[in-house]
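Participant: As a plain string of letters, each chain reads:
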Amino acid sequence: MATILYFARLGEQLKTSSEQISLNDMSTVRQLVDHLLDRGEPWSSEFESGRVLVAINQEMSGFDSAISDTDEIAFFPPVTGG
Amino acid sequence: MATILYFARLGEQLKTSSEQISLNDMSTVRQLVDHLLDRGEPWSSEFESGRVLVAINQEMSGFDSAISDTDEIAFFPPVTGG
Amino acid sequence: MSRISVQEQDFDVTTELQAICDARTDIGATVTFVGLVRDMNLDDSVSGMTLQHYPGMTEKALHKIVAEASQRWEVQDATIIHRVGELSPGDQIVLVCIASSHRHDAFEACSFIMDYLKTRAPFWKKEMLKDGSSRWVDARESDDHAAGRWEN
Amino acid sequence: MSRISVQEQDFDVTTELQAICDARTDIGATVTFVGLVRDMNLDDSVSGMTLQHYPGMTEKALHKIVAEASQRWEVQDATIIHRVGELSPGDQIVLVCIASSHRHDAFEACSFIMDYLKTRAPFWKKEMLKDGSSRWVDARESDDHAAGRWEN
Chain A
105 MATILYFARL GEQLKTSSEQ ISLNDMSTVR QLVDHLLDRG EPWSSEFESG
155 RVLVAINQEM SGFDSAISDT DEIAFFPPVT GG
Chain B
105 MATILYFARL GEQLKTSSEQ ISLNDMSTVR QLVDHLLDRG EPWSSEFESG
155 RVLVAINQEM SGFDSAISDT DEIAFFPPVT GG
Chain C
41 MSRISVQEQD FDVTTELQAI CDARTDIGAT VTFVGLVRDM NLDDSVSGMT
91 LQHYPGMTEK ALHKIVAEAS QRWEVQDATI IHRVGELSPG DQIVLVCIAS
141 SHRHDAFEAC SFIMDYLKTR APFWKKEMLK DGSSRWVDAR ESDDHAAGRW
191 EN
Chain D
41 MSRISVQEQD FDVTTELQAI CDARTDIGAT VTFVGLVRDM NLDDSVSGMT
91 LQHYPGMTEK ALHKIVAEAS QRWEVQDATI IHRVGELSPG DQIVLVCIAS
141 SHRHDAFEAC SFIMDYLKTR APFWKKEMLK DGSSRWVDAR ESDDHAAGRW
191 EN
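Residue numbers (this note's numbering), protein chains in the order written: chain A, 105 to 186; chain B, 105 to 186; chain C, 41 to 192; chain D, 41 to 192.
Derived by calculation from the structure, the hints in this document are not laboratory data. Treat the hints with caution; some may be incorrect.
[Claimed, not checked] Straight line, CA to CA, 25 Å or less: simulated DSS-like cross-link-like pairs of lysine-lysine:
hint	chain 1	residue 1	chain 2	residue 2
1	A	K119	C	K104
2	C	K166	C	K100
3	D	K100	D	K166
4	D	K166	B	K119
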C-alpha cells in the first residue's frame with residue numbers, strides 16, 4: 105500500500121488529506137492520477153484544473169516518475185510560503 | 105576666516121583637528137592646499153602622500169572648487185565606515 | 041551549522057542574531073530577511089492567514105536550499121524560521137538570517153534563499169478576507185521568475 | 041520617514057524592527073544588515089577599534105544616501121544606525137534596515153545603502169592590534185568597485 109497525501113486546496117476539495125492505495129499494476133505517477141480521475145468528481149476537477157505538483161518520498165518528482173507500494177506520494181498546488 | 109577641519113589620520117599627524125585661516129587671495133581649495141604645503145612637515149607629507157578628500161560646508165567637493173572666508177573646509181582620507 | 045525551524049510560535053530577531061554571533065568574533069556581516077503578513081492582497085482586505093506545510097519534506101527542502109546557497113557563497117551560518125498555523129496582519133511569517141565575513145555574500149545568499157523558498161519549499165497560504173470569505177493564495181509568476189534568475 | 045543615528049551606544053535589532061513595523065500592517069518585507077567588528081583584518085589580530093566621524097556631515101551624507109535609494113526602489117521606511125567611539129571584536133558597528141512591500145526592493149536598497157555608506161559617509165576606523173600597535177584602516181578598492189556597480 106502506498107501512502108497518498110493531499111495538501112492545501114487539494115486536501116480541502118477532496119475532503120481527505122491522506123489515504124492508502126494498493127498500486128497493483130500502476131508503476132508511474134501518471135497511472136496513479138488516471139486511477140484517481142476515474143473516481144470522477146471532485147478528483148477530476150482538482151487534477152484537471154490548475155497545476156498539481158507531486159513529491160515522491162518528500163522529493164519533488166514528475167508525473168513520469170516510477171512509484172511503488174512502499175512510497176509516500178504527495179499531491180499539492182504550487183507553493184506559496186515565505 | 106575659514107574654518108579648516110582635519111579628520112582621522114590627517115588630524116592625528118597634523119596634531120590639530122581644526123584651525124581658522126584667513127583666505128585672503130586664496131579662492132580655490134588647491135590654493136589653500138598650496139598654502140598649507142608651504143608650512144613644510146608634517147603638512148607636506150600628509151597632503152602629498154596618499155589620497156586626501158575635501159568637503160566644503162559638509163558637501164564632498166573637488167580641489168578646483170571655490171572657497172570663501174565663511175566656509176567650513178574639511179580634509180580627510182578616504183572613508184572606511186560600515 | 042544552520043538552524044532550520046518550522047513552528048507556530050513567533051520569533052525574536054535579536055535572539056536569533058545572538059545565537060548566530062555569540063561566542064564568535066569572525067563574522068563581519070549579517071543580513072536578515074523578515075517577511076510579514078500584509079493587510080492587503082490583490083486589492084482585498086486581509087484579516088488573517090493560515091499557513092499549512094508538509095511536515096518532513098518542508099524541513100528537508102529548506103536544508104537543501106541552505107546547502108545550495110552555501111555552495112555558491114561564503115556562508116558562515118544560516119538560520120531559517122518559518123511559521124505555520126494562524127497569523128494576523130503585521131505578524132512575522134519567515135526569517136532568513138545569513139552570517140558571512142563578506143557583506144555581498146550575505147546579501148546574495150539571503151536573497152537566493154528567499155527566492156528558492158518561495159518556489160520550492162512546501163508551504164501554502166490561505167487568506168481570510170474582511171468579508172468573511174477565504175481563499176488559497178495562488179502562486180505568482182513573479183516568484184518563478186525571481187527563482188529563475190539564479191539558474192544562469 | 042527614515043531614522044538616521046550616529047551614536048556611541050549599542051542598538052537592538054528587534055527594537056529597531058518594531059519601531060519600523062509597529063502600528064502598521066502594510067509592510068511585506070524587511071531586510072536588515074548588521075556589520076560587526078571582526079577579530080582579524082589583513083592577517084592581523086584586532087583587539088579593538090575606534091570609529092571617528094564628521095559630525096553634521098555624516099548625518100547629511102546618510103540622509104542623502106537614503107533619499108537616493110528611495111528614488112530607485114520602493115522604500116516604505118529606513119533606519120540607519122552607525123556607532124562611533126571604542127568598539128571590541130564581536131560588537132555591532134552599523135545597522136541598515138529597509139522596509140518595503142516588495143522583497144527585492146528591500147534587498148537592493150539595503151545593499152545599495154551599504155555600498156554607498158562605505159564610500160561616501162565620513163567615518164574612519166582605527167584598529168588596535170593585539171601587539172599593542174594601532175593603525176588607520178585603509179579604504180579598499182573593492183568598496184569603490186562595489187559602489188561603482190550602481191552607477192550604470
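Participant: Tell me, in ascending order, the numbers of any earlier hints that this structure violates.
Facilitator: 1
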